[in-house]
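J.: Chains as they are written, first to last, in the numbering used here: chain B, 1 to 114; chain D, 1 to 111.
Hints are not guaranteed to be accurate.
[To be verified] List time: in silico DSS-like cross-link candidates among lysine-lysine, alpha-carbon distance up to 30 Å:
(1) B:Lys-57 with D:Lys-26
(2) D:Lys-98 with D:Lys-67
(3) B:Lys-57 with D:Lys-59
Think of the hints as simulated: they come from the structure by calculation, not from any bench.
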Amino acid sequence: KAGVTQTPRYLIKTRGQQVTLSCSPISGHRSVSWYQQTPGQGLQFLFEYFSETQRNKGNFPGRFSGRQFSNSRSEMNVSTLELGDSALYLCASRSPSETYNEQFFGPGTRLTVL
Amino acid sequence: QQPVQSPQAVILREGEDAVINCSSSKALYSVHWYRQKHGEAPVFLMILLKGGEQKGHEKISASFNEKKQQSSLYLTASQLSYSGTYFCGTDNTGTASKLTFGTGTRLQVTL
Chain B
1 KAGVTQTPRY
11 LIKTRGQQVT
21 LSCSPISGHR
31 SVSWYQQTPG
41 QGLQFLFEYF
51 SETQRNKGNF
61 PGRFSGRQFS
71 NSRSEMNVST
81 LELGDSALYL
91 CASRSPSETY
101 NEQFFGPGTR
111 LTVL
Chain D
1 QQPVQSPQAV
11 ILREGEDAVI
21 NCSSSKALYS
31 VHWYRQKHGE
41 APVFLMILLK
51 GGEQKGHEKI
61 SASFNEKKQQ
71 SSLYLTASQL
81 SYSGTYFCGT
91 DNTGTASKLT
101 FGTGTRLQVT
111 L
């Protein structure tokens with residue numbers, strides 16, 4: 001079974017620009033969560049999508065948004081980039097068959113904002 | 001609020017044991033443990049549920065004290081492959097879809 005894939009793997013942007021990151025979950029997984037990972041703050045939850053609906057949201061500004069498509073693929077968008085948005089962005093998918101199930105993480109997208 | 005992990009870092013020799021602790025100020029439904037090696041994605045280790053149920057790899061052991069909102073991960077007879085950063089993720093919603101992760105414990109196992 002193919003794992004979680006994220007594209008692109010690396011991205012360099014400048015302040016003020018916007019960026020879209022993509023995540024394809026494991027086949028059959030309908031839940032996709034997004035996390036931001038930085039050396040200082042660790043892994044921070046951004047949001048979770050399930051069946052095209054945002055089910056949970058973390059404490060990030062409105063510049064961070066996401067969506068999920070009918071095939072469960074998810075995109076995350078960050079508008080008006082700031083230097084502090086430089087981070088590794090991880091997505092994770094989870095099987096909906098059980099509430100308490102492991103999350104499978106993708107390799108991440110490394111975003112650098114200059 | 002992030003759970004607090006301790007220690008922040010630990011160096012072990014192969015074969016030694018270690019305990020990693022995770023403490024939350026909020027009531028928890030479950031605690032999730034992950035290990036991340038440098039440049040790789042976090043990998044699932046274990047889930048501990050309120051009520052005592054556990055799901056995870058057989059070689060990993062952990063405990064969950066519901067009254068204290070604390071969890072501990074026990075690494076026994078450590079191997080070089082255990083090296084990495086360990087994260088606990090806490091669930092205080094009961095849905096396990098919004099985890100709050102600690103800042104991690106960096107573990108290095110040497111020969």
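J.: For each hint given before, does the structure comply? Return the numbers of the non-compliant ones in rising order.
T.: Hint 3 is the one this structure does not satisfy, whereas the remaining hints hold.
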